[in-house]
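The task is simple: from the sequences and hints, build the whole structure.
Chains as they are written, first to last, in the numbering used here: chain H, 19 to 379; chain R, 17 to 302; chain V, 132 to 344; chain Z, 101 to 319.
It is worth saying that the hints were derived from the structure and are not from the lab. Errors might be hidden in some of the hints.
[Stated by the list, open to error] Dumping the calculated DSBU-like pairs for lysine-lysine here, alpha-carbon to alpha-carbon at most 30 Å:
| no. | chain 1 | residue 1 | chain 2 | residue 2 |
| --- | --- | --- | --- | --- |
| 1 | H | K181 | H | K252 |
| 2 | R | K101 | R | K59 |
| 3 | H | K156 | Z | K305 |
| 4 | V | K295 | H | K210 |
[To be verified] Here are the computed distance ranges between Cβ atoms for each label pair:
| no. | chain 1 | residue 1 | chain 2 | residue 2 | range |
| --- | --- | --- | --- | --- | --- |
| 5 | H | R338 | V | G197 | 57 to 63 Å |
| 6 | R | I290 | H | G300 | 16 to 22 Å |
| 7 | Z | I119 | R | E69 | 32 to 38 Å |
| 8 | V | G197 | Z | F205 | 38 to 44 Å |
| 9 | Z | F205 | R | I34 | 53 to 59 Å |
[Claimed, not checked] Reference listing, derived: stretches of chain V covered by chain R, where coverage requires no fewer than 3 residues with Cβ under 8 Å from a Cβ of chain R:
| no. | stretch |
| --- | --- |
| 10 | 181 to 188 |
| 11 | 212 to 221 |
| 12 | 250 to 264 |
| 13 | 332 to 341 |
Idealized CB from N, CA, C, for every residue including glycine.
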Amino acid sequence: MVALILVGLFALAPPTNVQALDTPGDGGEAITVEWQLSPDDNIIDGYEIHRSEDGVDFAMVGFVGRSRTRYEDNTDDGQEYYYKVAALADTVRTFSESSPPALSSPQWFNNSALILLIAMLIFGGIILYYIYVARKGKELYIRKIAGLEAVDDAVGRATEMGKPVLYVIGIGTMSNIASIASINILAEVAKKAGQYETPLIVPHSDPIVYTVAREVVKESYTSIGRPDLFDPDKVFFVTQSQFAYAAAIDGIMVRERPAANFLIGWFRAESLIIAETGAITGAIQIAGTDSVSQLPFFVTACDYTIIGEELYAASAYLSREPMLLSAIKGEDVGKMVIFAALGIASLIGLLTRFPILTIFQ
Amino acid sequence: MKIFDYLATIDRRIIYFILAIVVILPLVFPRPQSVRVMTPAQKLFEAVDSIPEEKVLLIDFDYDPQTAPENEPMAIAIIRHAFEKRIKLAALSLYVQPLGLAVKALDQVREEFNAQATTYEDSIIYGRDYVLLGWQPPPIVPLLGLGISISGVYPTDYYGYRTDSLPVMQGIRNLNNVGILVSVSGGSAPLWWVAYSQVRYGVAVGAGLTAVSASEFFIYYQTGQFTGLMVGMKGAAEYEEMVAQLDVPGRRRASEALGSLTAAHLTIIAFIIIGNIGYFVRRRRK
Amino acid sequence: MNISTAFWVWVSALLSLCIFSFLYKDNPFYKFAEHLFVGVSNGYLVTLTWHGVLWPAALRPVLFEGRWWLIIALIVGALYLTRFIPRISWMVRIPIAISMGYSSGAAIPAVIQADIVRQVQGTILTPDNFSRWNAGSAGVIWTIILFIGVVCTLSYFYFSREHKGVLGVTSRIGIIFIMVGFGAAFGYTVMARISLLIGRLQFLLGDWLGIIQ
Amino acid sequence: MKTRIPLFLVLVFGIVGIIPYYSQHPIIQGSENFIRNDVIRIVAAFALILGLGSLLRVHFDKIRRSRPNWQYSYVLIIGFVVSSIIGLLGGRVGEGFLPTQIGGFEFHMQVLFENIIVPLGSTMFALLAFFMASAAYRAFRARSLDATLLLVTAFIIMIGLLPLGDRISPHLPSFVQWIMDIPNVASKRGIGFGIALGSLATSLKIILGIERSWLGGSK
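Rendered as structure tokens:
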């Protein structure tokens, strides 16, 4: 009520400097109306936006609340519009001057996507640079993953106990990065097992992964001069059914009593059955996967777990393959960029009044 | 300590039997369980509740039979909420098996309301109150197509009607006319709605998640990319609680399960503790 | 206890028991149920693909709605079938290239914006993020802990330097955050698995045997 | 020719996928929309049937060579053929011309879905609760500091999620929410950055023709 009495005595001051311009960087059909707050902003209800096609008769097209200075109006391209903004208090309104005519049109670049473009160029550039560098054969350093020491110890222990080693690649196909990484680690384990003449059992659930793994194991044995060690019955295809595969591996664990189990690759819920039986038979278990939902169970059921990206790093470390090395290095530098962005943006966000978050909108 | 040697070699099937009993008893002898509504589910409820008259609620059914026990109570709770408040509802799915479950859930709730309805106005009519748009693979087609034109992606709905001809779709052109898009999912579809549809068209996204992948989704809730979340059967029970306050009929399956959930959780914790005691006793003896 | 008399309820219940029999051991009932599941699921896929996609969105527009240019897309799609013809099986790469190229392209800006830019935005130390928790001054501490957790977890997955010195300390802190995160996932997964069992028993005890109302 | 055309196509359609994020111009949005709705959709529809072809071939092969469990392949094939006929000719909800109802007894596709696919699928995952319980008892050990920290957090969450947790102390559910909102988000976001950079690298390499494994065996 108080506002009304005040308003009754003096006329409301209208908003000033009303501007209308084509909304930048959009697909057209939109005009942004901007104005300066009316001096009576704190006692009014809000602002009404009125539009006219000939500058004479206006009709209301929108309303915004108090202390707002912007409104986006849907328009037809190719039609000129005039705008007036009225300060509104209950039923009393005072109009501003009319804005100059404005015309909406589409633009080719959406400038609110500028940050996205810069980020794409930075990260894309880093990844491509390291592919180029790796292809030229430049030496790229990667630290040794702690998990790989655990692999050597496990094979050593199985040899002492004269028991076989079991290597489970999981239920992934060749399109799972984890399966491909696991095959590189299998090659290393096969070499180690060959040196100690310890039997290596490798059951499979994907026919294509099976054919690739067979060649890899055979090639590992030949590379240490022991092609005779390759036993086709030890590297075999079991079944494509998720739970039947897990049940079959349990059977092998109970019968053959391997002293070291490697569960490395792509797993889903069947990982529980395999890891459990392995724990009961008392074998050393090394797990490794990038399926985040299975990692908690491997951590509690196995002796050592290679977590997510460590699996890719281990595979790159062992195979020294340029594409894998370039991926790890490129992603490492990408992480440096993220560290830097977090640090700099936080400094700006803390020390200055600049609304840093709008940059990342 | 022979007791721990015996305990260590218990046959696996005994453990299965114990778990079955522990879960069945609270179902046969239910005790009412109250559930406290947490903020993620509260925000989702408020977002759906405040959908304006001219906008539509879009539900993406992305759960298959494997996670139906967790996700279906969520979907049913939201559908009841929408029908009770007369919010216009459009449903779709990115995969084929969830579509069958969409038909099942929508039919069930429609029958629940029509059983109580007396006049044409307060009953639920397909085409007037809701539409099942159906399934158009591959997922990238609806994920990026709905922002431009819904009928472009779904020229006809699941039952073969012309989408644009349905009363519920009048004035609904694309995602700008969608109040909120809720993805009830057993997988990663909610992430795609955020990464594809929200990044390009800015639609508000909520999710009903299986508890397995829930921990990875909270990063999108903290930034506000997800407006609200229902997580696992407990999240469903929370939403059922809020919908019940609108005195909507129908069984609350998630809330009925809370007794068994409590018993099972305590049993699993007991199993882990006993197992570990045995483990440490045997390790010290070695 | 009024046992259901509906034929289909009995079919559902018996098929559920076939799967549960795997708990005793792998047996013919489980194998039968598993193979039936794969068979009927693919029958459902064929049905939905024809009624939902091939007819309304591909064949009918060309044959009856005169949108003849869709024939080009139909021909390109048909190239998938050349996989079974050895001499021209390389042509299957054309439809694969189109689908894979488009989905890879559409993924790049989506992943950058949703999984990198917005995640950085949610972690920055700034008053707007402090107030996001609407926990008053405690919000400052939560945001700092979050910031430290993200940086330390990220440092654990840094492979270009040994985990020694500062990097050794940050990765130690990182693994603590990772383990708490796994604990949270573990707890929620237990709830998920149990819920799935409860859901099945609600059907068997309720709809089938009528023990629970 | 066999590789240059596919690599050219993967680059062109990759760019078609990227551009609409950076320009809202109606010409760009409209043409990309046409390519997605009319080209990508129809091309991909054929891929759905492809997987089926290899599945049936595996099981016909199993029967012909009478490999172990070949009898069950008959169950699979018969189940597939019968359900396809009912579905294709009988319609999705029985609207087709093949009658899918005898008296009160209905057997159209939606009925088969709700009474064969749903029970089998959901029971398959209900088994996991039993495997979880057994593994909890026999395998989940606090064998290291990391595993101990994991199990303690899991216990807090498991109790805090229950109505029981709320009765123990009203702060417990909010503490669970705190764990999910702060430490969990911190670790999953840290892990997420690595995964995001990895998938970005993979998509980029596919479009630029550096990653070629999808070209398949035959060069």
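Each hint, compared with the structure:
1. Proximity of H:K181 to H:K252 is assessed by CA-CA distance (about 14 Å); at most 30 Å being required, the pair is judged to hold.
2. Restraint check: the Cα-Cα separation between R:K101 and R:K59 comes to about 17 Å, which is no more than 30 Å; the hinted pair holds.
3. Simply put, H:K156 and Z:K305 have alpha-carbon atoms about 19 Å apart, close enough for the 30 Å limit, and the pair holds.
4. Under the criterion of a C-alpha separation no larger than 30 Å, the hint pairing V:K295 with H:K210 is consistent with the structure, at around 28 Å.
5. The hint said 57 to 63 Å for the Cβ distance between H:R338 and V:G197, and at roughly 59 Å that hint holds.
6. Between R:I290 and H:G300 the C-beta distance comes to about 19 Å, which sits within the given range of 16 to 22 Å.
7. At roughly 36 Å, the beta carbons of Z:I119 and R:E69 sit within the given window of 32 to 38 Å.
8. The hinted window of 38 to 44 Å between V:G197 and Z:F205 holds, with their beta carbons roughly 42 Å apart.
9. Checked against the given bound of 53 to 59 Å, the beta carbons of Z:F205 and R:I34, roughly 40 Å apart, lie outside it.
10. Three residues within the 8 Å Cβ limit are the bar, and the stretch 181 to 188 of chain V against chain R gives 4, so the coverage statement holds.
11. Evaluation of the coverage hint for the stretch 212 to 221 of chain V: breached, as 0 residues show C-beta separations to chain R shorter than 8 Å, against a requirement of three.
12. Remark: the stretch 250 to 264 of chain V is confirmed as covered by chain R, as 4 of its residues place a Cβ nearer than 8 Å to a Cβ of that chain, reaching the required three.
13. With 3 residues bearing a CB less than 8 Å from a CB of chain R, the stretch 332 to 341 of chain V meets the requirement of three and the coverage assertion stands.
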